[in-house]
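Top line first, the protein sequences correspond to chains A and B. First residue of the first sequence? That's 1 in this note's numbering, and the numbers climb one at a time after it. First residue of the second sequence? That's 1 in this note's numbering, and the numbers climb one at a time after it.
It is possible that some hints are incorrect.
[To be verified] Pulled a few chain A residues facing chain B out of the computed Cβ check, cut under 7 Å:
1. Met126
2. Ser131
3. Asp182
4. Thr192
5. Asn223
6. Tyr253
[To be verified] Taking lysine-lysine and the BS3-like style, the derived pairs with C-alpha atoms no more than 27 Å apart in a straight line are:
7. Lys54/B / Lys107/A
8. Lys133/A / Lys133/B
9. Lys42/A / Lys150/A
If you are wondering where the hints come from, they were derived from the structure by calculation, not from laboratory data. We put the beta carbon where it would ideally sit given N, CA and C, even for glycine.
So you can see what is in the structure, the chains are spelled out below.
There are 2 protein chains.
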Amino acid sequence: MAKLLTGKEVADALNKETEEKTKALKAQGIVPALAVIRVGEKPEDETYEKAILKKAEKTGIDVDQYTLPQEASTDEVVETVKMLSSDRDIHGILVMRPLPLAIDDEKVCGALTAEKDVDGITEKSMAALYSGKKDFFAPCTAVACMEMLKYYGIDPAGKRSTVLGRSNVSGRPLAMLLIKADSTVTICHSKTRDTAEICRNSEIMVVAAGKAGMADSSFFNKNQVVLDVGINVSPGGKICGDVDTEAALPEVYAITPVPGGVGSVTVSVLMRHVAEAALSSCQSPDPRA
Amino acid sequence: MAKLLTGKEVADALNKETEEKTKALKAQGIVPALAVIRVGEKPEDETYEKAILKKAEKTGIDVDQYTLPQEASTDEVVETVKMLSSDRDIHGILVMRPLPLAIDDEKVCGALTAEKDVDGITEKSMAALYSGKKDFFAPCTAVACMEMLKYYGIDPAGKRSTVLGRSNVSGRPLAMLLIKADSTVTICHSKTRDTAEICRNSEIMVVAAGKAGMADSSFFNKNQVVLDVGINVSPGGKICGDVDTEAALPEVYAITPVPGGVGSVTVSVLMRHVAEAALSSCQSPDPRA
Numbered sequence: 001m002a003k004l005l006t007g008k009e010v011a012d013a014l015n016k017e018t019e020e021k022t023k024a025l026k027a028q029g030i031v032p033a034l035a036v037i038r039v040g041e042k043p044e045d046e047t048y049e050k051a052i053l054k055k056a057e058k059t060g061i062d063v064d065q066y067t068l069p070q071e072a073s074t075d076e077v078v079e080t081v082k083m084l085s086s087d088r089d090i091h092g093i094l095v096m097r098p099l100p101l102a103i104d105d106e107k108v109c110g111a112l113t114a115e116k117d118v119d120g121i122t123e124k125s126m127a128a129l130y131s132g133k134k135d136f137f138a139p140c141t142a143v144a145c146m147e148m149l150k151y152y153g154i155d156p157a158g159k160r161s162t163v164l165g166r167s168n169v170s171g172r173p174l175a176m177l178l179i180k181a182d183s184t185v186t187i188c189h190s191k192t193r194d195t196a197e198i199c200r201n202s203e204i205m206v207v208a209a210g211k212a213g214m215a216d217s218s219f220f221n222k223n224q225v226v227l228d229v230g231i232n233v234s235p236g237g238k239i240c241g242d243v244d245t246e247a248a249l250p251e252v253y254a255i256t257p258v259p260g261g262v263g264s265v266t267v268s269v270l271m272r273h274v275a276e277a278a279l280s281s282c283q284s285p286d287p288r289a
Numbered sequence: 001m002a003k004l005l006t007g008k009e010v011a012d013a014l015n016k017e018t019e020e021k022t023k024a025l026k027a028q029g030i031v032p033a034l035a036v037i038r039v040g041e042k043p044e045d046e047t048y049e050k051a052i053l054k055k056a057e058k059t060g061i062d063v064d065q066y067t068l069p070q071e072a073s074t075d076e077v078v079e080t081v082k083m084l085s086s087d088r089d090i091h092g093i094l095v096m097r098p099l100p101l102a103i104d105d106e107k108v109c110g111a112l113t114a115e116k117d118v119d120g121i122t123e124k125s126m127a128a129l130y131s132g133k134k135d136f137f138a139p140c141t142a143v144a145c146m147e148m149l150k151y152y153g154i155d156p157a158g159k160r161s162t163v164l165g166r167s168n169v170s171g172r173p174l175a176m177l178l179i180k181a182d183s184t185v186t187i188c189h190s191k192t193r194d195t196a197e198i199c200r201n202s203e204i205m206v207v208a209a210g211k212a213g214m215a216d217s218s219f220f221n222k223n224q225v226v227l228d229v230g231i232n233v234s235p236g237g238k239i240c241g242d243v244d245t246e247a248a249l250p251e252v253y254a255i256t257p258v259p260g261g262v263g264s265v266t267v268s269v270l271m272r273h274v275a276e277a278a279l280s281s282c283q284s285p286d287p288r289a
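Take the sequences, apply the hints, and build the full model.
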């Protein structure tokens with residue numbers, strides 16, 4: 001049976017690291033603070049927000065919630081982001097996305113300062129991630145996958161990795177992080193003809209396709225590490241991933257469960273990003289001084 | 001024997017397209033203009049500049065040359081880029097890179113307005129290319145490869161493409177353009193263990209590794225299209241690519257020669273980018289008006 005790569009241990013280790021950082025910051029009089037901007041009342045956003053509040057309390061991070069009505073205009077959201085971008089007491093800003101369709105997502109992302117962009121949505125963050133050059137923050141889910149590998153001692157260097165999905169939230173950033181980690185990366189997507197064969201020939205498979213159970217037994221091999229990024233709701237109302245976990249368990253080397261896998265690490269990554277942003281902000285000179 | 005995918009026909013077709021654009025622009029009183037910034041006297045830069053001047057004349061584009069001494073400071077280069085960025089009569093800016101080591105490349109790129117960034121070096125251009133969203137310009141060499149495929153009727157959609165090399169000049173941008181074109185892309189690099197096998201299993205192989213003859217007969221298959229991006233000088237002083245062309249000719253379906261392949265299309269892509277930038281500039285309102 002496959003080794004289960006559960007997220008809890010990884011999250012705990014990250015939380016401990018963040019807690020130490022926030023303690024050190026507080027000793028200097030700095031309280032690391034995250035602003036969460038939500039527009040409207042989507043249940044997923046509210047669930048995510050609750051998880052953030054819980055982890056923030058655990059790790060010593062302040063959370064300021066900015067909840068705008070569903071009918072908010074682009075200008076109102078942009079103004080909120082701008083205001084928080086220039087607020088020296090806020091170190092990280094998370095915008096709950098996707099935003100309502102009437103809101104110009106690009107303008108909102110453009111108003112965010114890259115230094116506080118703890119989920120890697122600004123052009124500066126994307127350019128840095130793409131070019132592999134400078135360190136801004138990458139999207140939390142992608143970083144959570146890398147932390148999983150790191151915690152469980154799986155070095156992607158030189159290994160063949162396949163990423164299923166090319167979204168800006170997980171597929172593309174993951175591909176860039178894996179390339180930076182010296183992995184040989186293949187990106188598959190809806191137009192790929194021989195996805196199963198390509199996956200079967202890879203040592204690491206990351207499934208971020210957003211389609212319940214799409215990775216079946218034809219995708220697996222005995223030495224494979226499978227990271228399941230999918231979060232879907234089954235017809236029976238159960239949370240499940242993009243991988244057919246039952247089919248995978250006897251056939252792969254290791255797999256992350258859903259729930260309790262990558263998803264449970266994401267918020268801990270977010271917290272660490274906030275602590276890191278706070279740390280950088282107190283190392284850079286105060287422009288008002 | 002493999003079909004030779006020569007660059008001349010592709011370049012001619014692009015030049016014709018550009019010529020038509022510049023004619024239409026000139027009828028409106030706009031002369032598309034490219035500024036070329038060179039620091040120092042590197043022979044490669046001077047060769048490239050000569051090729052630019054020749055193609056520019058052919059396609060009706062003005063070229064302004066800004067040549068700074070080898071000892072120029074970062075500030076001087078940045079000031080030149082800024083001055084040209086705000087000059088309404090300049091539509092495209094090309095900075096010859098790599099710049100001398102003493103110059104802060106990032107600051108220079110940061111001074112360039114994305115709309116005139118005809119070789120895709122700014123953060124805005126990179127973020128757009130990475131995210132597959134908005135159209136700024138991608139690096140000319142990467143676009144030249146895509147134009148080669150297009151001209152010769154090779155649709156990368158659904159096909160397995162392997163890109164050898166992960167540089168920001170060719171490997172990474174090519175990977176992003178191929179993903180956008182619905183190809184299934186694998187990125188190989190110096191840390192890849194089984195490069196030959198991966199290449200052998202791909203329908204399109206783009207070699208941008210910067211190493212003469214590194215792709216030998218173990219990399220090929222009968223149905224393969226090979227794009228050779230390398231430009232190296234052999235010990236005998238001859239220009240050669242990254243592919244062992246002699247070995248490839250009897251074993252692949254089609255291959256671009258070096259010289260006379262991708263490289264000969266790059267300058268034509270640059271010219272088209274300048275014409276397109278000029279076209280966009282006259283469609284966007286004059287901020288002085």
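We went through each hint and held it up to the structure:
1. Checking Met126/A against chain B: minimum C-beta separation of about 4 Å stays under 7 Å; hint holds.
2. Satisfaction of the interface hint for Ser131/A is found here, the shortest Cβ-Cβ separation to chain B being roughly 5 Å, below the 7 Å cut-off.
3. A least Cβ separation of about 4 Å between Asp182/A and chain B falls short of the 7 Å threshold, and the interface hint therefore holds.
4. Because the closest C-beta pair between Thr192/A and chain B is about 4 Å apart, less than 7 Å, the hint holds.
5. Among the interface hints, the one on Asn223/A is violated; its C-beta lies about 14 Å from the nearest C-beta in chain B, farther than the 7 Å criterion.
6. Interface hint at Tyr253/A: violated, since its Cβ lies 18 Å from the closest Cβ of chain B, which is beyond the 7 Å cut-off.
7. Among the hinted pairs, Lys54/B with Lys107/A is inconsistent with the structure: their alpha-carbon atoms are about 41 Å apart, more than 27 Å.
8. As the CA atoms of Lys133/A and Lys133/B are separated by approximately 21 Å, the hinted pair is consistent with the 27 Å bound.
9. For the given pair, Lys42/A sits about 33 Å from Lys150/A by alpha-carbon distance, which is inconsistent with the 27 Å threshold.
The structure fails to meet hints 5, 6, 7 and 9 from the earlier list, while all remaining hints are met.
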